[in-house]
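Asks: The residues making up each chain are set out below.
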Amino acid sequence: MIDPKLLELMQNEIDGKNSPSDSRFLRESLNANSEAESMFQELRALADLLHSVKPVEPSPNLKKFILNDPGVSALMHSKENTPRISGRTQESTLSHIIHHLLEGIMKHKALIGGLVAVLVVIIYASYFYPWPATNDIQGTIGSVKKYRADQITDKDVKLGDNQNATSPSTTGGTDNTTALDNQAHLFQRAPVDMQARWFRQLPVEQQAAYLQRIPAEQRASLVQLMPAEKQAALFQRAPIEEQAAALAQVPVEKQAAMFQQMRVEDRVAAFQKAPIDLQAHLMEKAPLNLSAASLAQASVRQKEAFFKQLPVDALASLYKSAPVDQRAALFQKMPVDRQADVFQKMTVDAQASLFQRMPVDAQAALFQKMPVDRQASIFQKIPVDAQAAMFQRAPLEMQQQLQKQVAAENKAR
Amino acid sequence: MISAEDLVLIRKCLGGDRRAFEQVVDRYQKPIYNAAYRIVGRREDAEDVTQQVFINAFRNLRSFNEKRNFFSWLYRIAINESLNKLKSTASREIFHETEHGHDETPDDVYHKKELQQAVQNALGQLTSEHRAVVVLRHFQDLSYDEIAEILELPAKTVKSRLYEARQQLKDILILHRQI
Chain A
1 MIDPKLLELM QNEIDGKNSP SDSRFLRESL NANSEAESMF QELRALADLL HSVKPVEPSP
61 NLKKFILNDP GVSALMHSKE NTPRISGRTQ ESTLSHIIHH LLEGIMKHKA LIGGLVAVLV
121 VIIYASYFYP WPATNDIQGT IGSVKKYRAD QITDKDVKLG DNQNATSPST TGGTDNTTAL
181 DNQAHLFQRA PVDMQARWFR QLPVEQQAAY LQRIPAEQRA SLVQLMPAEK QAALFQRAPI
241 EEQAAALAQV PVEKQAAMFQ QMRVEDRVAA FQKAPIDLQA HLMEKAPLNL SAASLAQASV
301 RQKEAFFKQL PVDALASLYK SAPVDQRAAL FQKMPVDRQA DVFQKMTVDA QASLFQRMPV
361 DAQAALFQKM PVDRQASIFQ KIPVDAQAAM FQRAPLEMQQ QLQKQVAAEN KAR
Chain B
1 MISAEDLVLI RKCLGGDRRA FEQVVDRYQK PIYNAAYRIV GRREDAEDVT QQVFINAFRN
61 LRSFNEKRNF FSWLYRIAIN ESLNKLKSTA SREIFHETEH GHDETPDDVY HKKELQQAVQ
121 NALGQLTSEH RAVVVLRHFQ DLSYDEIAEI LELPAKTVKS RLYEARQQLK DILILHRQI
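Chains A and B, in that order, are what the protein sequence lines are. Using this note's numbering, the letters of the first sequence map in sequence onto residues 1 to 413. Using this note's numbering, the letters of the second sequence map in sequence onto residues 1 to 179.
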C-alpha cells in the first residue's frame, strides 16, 4: 500500500507542480520504496507516451465547411442587414428586436405614452376629417426639405473644463452620464486631428471618461497622438482590459515604453491580458524584476510560449533573477534545446549546482545536448551516483568520448 | 481571463465581421479538432464536432461572458459536443483510426500506428468523464485550473479524476505492453 501523500507527490511531479523540496522528498521516498518507485516509473512512462502522440491535422477543407455552413452564413448575412435569412436566424433576430423594444419601452414610458396619445388623436381626426386626395394638395407644398446633418465644427462640441452646463464635471448622476454619452457621440464624427485638438484641452479624468465612450480603434488612434506622459496618465485610468488591448494596437517600438509608464501594480495584470507574442516582447524589454514577476504568475501555457519566443540572453537573465530554490523548476519547464542554450551561458559551478537539482532523466537529456568538453567539466563536478546515472544513459560513442575527455583533463591537472 | 486579441475578434464577430470569424476559426480549429478527435476517435466525427462547435459558438456569442476565457468557453462547447457525438455513435466501433506522415519508413509507420492505436483504444476504454480530463491535460496541455473552468468542476475533482484516469490508462497500456 502506497501512502496517499506519496501518490499525490507523484501526480504533482508528473504535472510539474512540485516545489524543488517536494521533488527532493519524493526522490528520497521513492529510493526507499521500490513499489512506489515502480509505480512512479510507470506513470512517468504513461505521461511520456501520451506526450509522444502527435497532434492530428484537420482536413484542409474543414475551415471552408465551417464558414460555408448555412447557419454561419445566415447569421453573417443577418448582421449585414441582408434580407435573406434562415428561419432559425429570423427567430433569433425577432427575439432580439422584441427584447430591444421592451427595453426601450421600459426606458421611455412617458415618451411611449405620449406617442400613443398622439396616435389616438391622429386616428380620431382622420376618421372625422379625412386626408385630402393627392390631386387636391399638389402645388400647395413648397420644395422638399431633406434632412442633412451639418458638418461638425468646433462650436458644436463644448469640451474642456470650462464650468458650463454641458461640462460633465458640473452635472451629476444620470445627467452627467447622458452629457458624456452625447458629447462622445458628437466627438466621434469629427476628424481625428480635430478630436485630438479638443481632447488636449480636457482634464485627464474627463479624457479617460471620453475614451471609454468611443470605439477601440478610434481610442487607440487618439491616444497615439498624445504626448508620452499623457498616454501614461490615460493608460493608468483605463480598465486593465483596455490597457492590454491598447498596448496590442500600438507599434512594437512604443509598446515597451508605454508598458513601463503604467502603474507597477497594473503592469502584471495588463501583461497577463496581452497576447502571448506581445507578452514575450514586453518581457524582453521590461526591467528584469518585472519580467521575473510576470513569469512567476504566468500559466504553464504562457511559460512555454515565453520559453520558445524569448532570446537566450533574456532567458538566462530571467533564470539568474529567480530565487535559487526555484531555478531548477524554472529550468525544467524550458524545452531541452533552450535548456542547452541557457545552460551554456552559466558558469561551470552554476551548471553543476543546477544539475544536482534536476531529475536523472532530465539531467541525461540535457547532458547529451552539451558540447563534449563541457560534458567532461560538468561530469567531474557532480556526485559519483549522478555520474554513474549519466554514464549509463549516454550512448556508447558518447561514453567513449567522455572517458577520453575526463582522462585528458585529469592528465592536464 | 480573455486575451485582448480574442476580445477584439469577438467584438468584430458580433458586429458581423466575417473575416474576424475566419480568424477565430484559424486560431482554434486545430486544438478543438484534436480534443474532439481524442474523445470521439474518428476523423469524420471530429470534423462534425468541430464544425458544430464553431456554429454553436458563433450563434451564442452574445451570451459569452467577456470576463471568462474564450478558449475555455470553446473547449466547453467542444467537450459537450464530443460527448453528444459519442452517445449518438455508441453502437459503432470506434477508436481504430491512426495517423501517419508521408516521410516515415514502414517500421516507423508500423510502430507509430501501433502506438496510436493502443493509445486511442486505451482512451476508448475510459469513461467519458475520465477521457475528457486526460485529453485536456495531456493532449491540450491545460492546467488543473483551466480544466476545472472548462468542465465547471472544482480543481480538486479534476485532480482526483486525473489520478483515477491515469491509473486505468496505465493498467490498460501495460496489459497491451505499451509501457
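Derived from the structure by calculation, the hints contain no laboratory data. By construction, the Cβ of each residue, glycine as well, lies at the ideal position given by its N, Cα and C atoms. Among the clues, some could well be false.
Said to hold, decoys possible - Negatives, chain B to chain A, calculated, CB over 12 Å:
no.	residue
1	30
2	80
3	84
4	116
Said to hold, decoys possible - Covered stretches of chain B (in silico footprint by chain A; criterion: 3 or more residues with CB under 8 Å from a CB of chain A, positions within the stretch not fixed):
no.	segment
5	126-132
6	154-163
Unchecked claim - Here are the computed lysine-lysine pairs in the DSS-like style, where the Cα-Cα straight-line distance is at most 27 Å:
no.	chain 1	residue 1	chain 2	residue 2
7	A	64	B	156
8	A	54	A	64
9	A	63	B	87
10	A	404	A	54
11	B	67	A	54
12	B	87	A	333
13	B	12	B	87
14	B	159	A	54
Asks: Which hints, by number, does the structure contradict?
Replies: 1, 4, 5, 7, 10, 11, 12 and 13
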